[in-house]
Amino acid sequence: MKQIARFAEYCVTGGLFWLCMISFYTLSVIPAGEDNFFVSGLTLWNNWIIVFAATLTNMGSGLEKVLFAAGLLAIFFTGLILDMISPRFFNSLEAYIFKKKFLEPNQSWLDPLMLENDVFIQQSYKQYLESNWFECCVKHKKNYARVKAFIQSYLFTYASGSHLEAVTDKIQIWRTSRSLAMSMLVLAALLSLTYAIVVNTETLSTATLGTTVIGIPILLLVISVSVNVSMFQRLWMLIAALTYTTICKEQPDILKVSRIEGRSRQELLETAKKIKAEQQKKAAS
Amino acid sequence: MKRKFMAILLCCFLALQITPIYADNHGNNGAAEETNNQNRRNWLTAGGGCVGGAILGSFLPIIGNAIGCVAGGVAGYFVPNLMTGDNDPGQPAGAALLQKTNA
Numbered sequence: 003m004k005q006i007a008r009f010a011e012y013c014v015t016g017g018l019f020w021l022c023m024i025s026f027y028t029l030s031v032i033p034a035g036e037d038n039f040f041v042s043g044l045t046l047w048n049n050w051i052i053v054f055a056a057t058l059t060n061m062g063s064g065l066e067k068v069l070f071a072a073g074l075l076a077i078f079f080t081g082l083i084l085d086m087i088s089p090r091f092f093n094s095l096e097a098y099i100f101k102k103k104f105l106e107p108n109q110s111w112l113d114p115l116m117l118e119n120d121v122f123i124q125q126s127y128k129q130y131l132e133s134n135w136f137e138c139c140v141k142h143k144k145n146y147a148r149v150k151a152f153i154q155s156y157l158f159t160y161a162s163g164s165h166l167e168a169v170t171d172k173i174q175i176w177r178t179s180r181s182l183a184m185s186m187l188v189l190a191a192l193l194s195l196t197y198a199i200v201v202n203t204e205t206l207s208t209a210t211l212g213t214t215v216i217g218i219p220i221l222l223l224v225i226s227v228s229v230n231v232s233m234f235q236r237l238w239m240l241i242a243a244l245t246y247t248t249i250c251k252e253q254p255d256i257l258k259v260s261r262i263e264g265r266s267r268q269e270l271l272e273t274a275k276k277i278k279a280e281q282q283k284k285a286a287s
Numbered sequence: 011m012k013r014k015f016m017a018i019l020l021c022c023f024l025a026l027q028i029t030p031i032y033a034d035n036h037g038n039n040g041a042a043e044e045t046n047n048q049n050r051r052n053w054l055t056a057g058g059g060c061v062g063g064a065i066l067g068s069f070l071p072i073i074g075n076a077i078g079c080v081a082g083g084v085a086g087y088f089v090p091n092l093m094t095g096d097n098d099p100g101q102p103a104g105a106a107l108l109q110k111t112n113a
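For the record, the sequence lines run as chains A and B. In terms of the numbering used here, the first sequence opens at residue 3 and continues consecutively. In terms of the numbering used here, the second sequence opens at residue 11 and continues consecutively.
It is worth saying that the hints were derived from the structure and are not from the lab. Since this is a predicted model, take the numbers as computed values, not measurements. A portion of the hints provided could be inaccurate.
Here are the simulated DSS-like cross-link-like pairs (lysine-lysine), alpha carbons at most 27 angstroms apart as the crow flies [what the hints assert, rightly or not]:
1. K102(A) to K141(A)
2. K14(B) to K101(A)
3. K103(A) to K14(B)
4. K172(A) to K103(A)
5. K172(A) to K143(A)
6. K251(A) to K101(A)
7. K103(A) to K143(A)
8. K14(B) to K172(A)
9. K128(A) to K141(A)
10. K172(A) to K144(A)
11. K102(A) to K14(B)
12. K14(B) to K143(A)
13. K102(A) to K144(A)
14. K275(A) to K150(A)
15. K102(A) to K150(A)
Covered stretches of chain B, as calculated for chain A (at least 3 residues, CB under 8 angstroms) [as the list claims (entries may be wrong)]:
16. 49-58
17. 70-77
If you anchor each label on the Cβ, the simulated ranges turn out as follows [to be verified]:
18. C21(B) to I87(A): 23 to 31 angstroms
19. T57(A) to I72(B): 43 to 51 angstroms
20. N119(A) to A76(B): 34 to 42 angstroms
21. W53(B) to K141(A): 30 to 38 angstroms
22. K14(B) to K141(A): 23 to 31 angstroms
23. W53(B) to V229(A): 29 to 37 angstroms
24. W53(B) to D171(A): 43 to 51 angstroms
By construction, the Cβ of each residue, glycine as well, lies at the ideal position given by its N, Cα and C atoms.
Produce the complete structure using the sequences and hints provided.
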């Protein structure tokens, strides 16, 4: 079932990408100065379909199936590629949002959890939390990945099955939205660069040129970033809530430290160390 | 977050609405007007190159954005002028791309 869902996810993102590309190509071949842009585009699509259908009829019946399979494979493969390259483009933004919206507000109960598992995570967590925005986006991306992976694996180890299903669903939706955002980003880059550098725009009015090379790409950029950011925030809001409730259920001692109010982070960490030492002594005796 | 997003989206829509104000003045074909128009075009293509370069530069955050923006802007400003001599100015937009694709 999950394999089918993934296949559908790649097909949706790949399909949107190719739709964007066809729209872009249509936009670039419509003659400048055309009064009704929408009707010209539809007429052009109609002509292409007629030519395509005529070519298929001439070539024989077997070719249709081969072309259909090849098209499906191409769409699937595009979706896969988009899914693979999208982290490269959105990682730094996500790293910053993860720190600002997830780690910093929940520091009071995350600190003792990280200290409990200091052998693996404490150094990365500390470096990542103390970094400024530039370091966070450029330098500490590995630390971000490490902290994120740790929290996810903690949840996957301790949380119950029904909760995990909600998380995996959210993760899947977030990944799909990121791939969709990526396809919009590619379209924006192609639109602005092709019209600015490759295409001869002598016959376009400055208004059309401005809208095509600056207005629409910026709009696409804003939409793609906001889609990705909102889905990422929703996902981590759920993970934060689930991690907290899982800690409450499985390791309530960790939360004792976070309930001591009016103390600095250093004091909280020292208290957590003391509690941990006491627990170890008890276990030894 | 939502307010900020709405504000940015509104600005983009307004920018799209404002652009026709700067449309070409076809009624006056004086030399000064033509030069002005050409300058405006150069800056627009430079802006487009800048936006596209910055988007592609996201591959390497911040530094890549800056480099992409500058490189795209410079290319957008100078390349169309170099190409103008090669192409027939009367041909439709996209025809150059079509020719390149077919070749």
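Against the structure, test the hints numbered earlier, and report the numbers of the ones violated in rising order. Hints that this structure does not satisfy do not exist here, as all of them hold.
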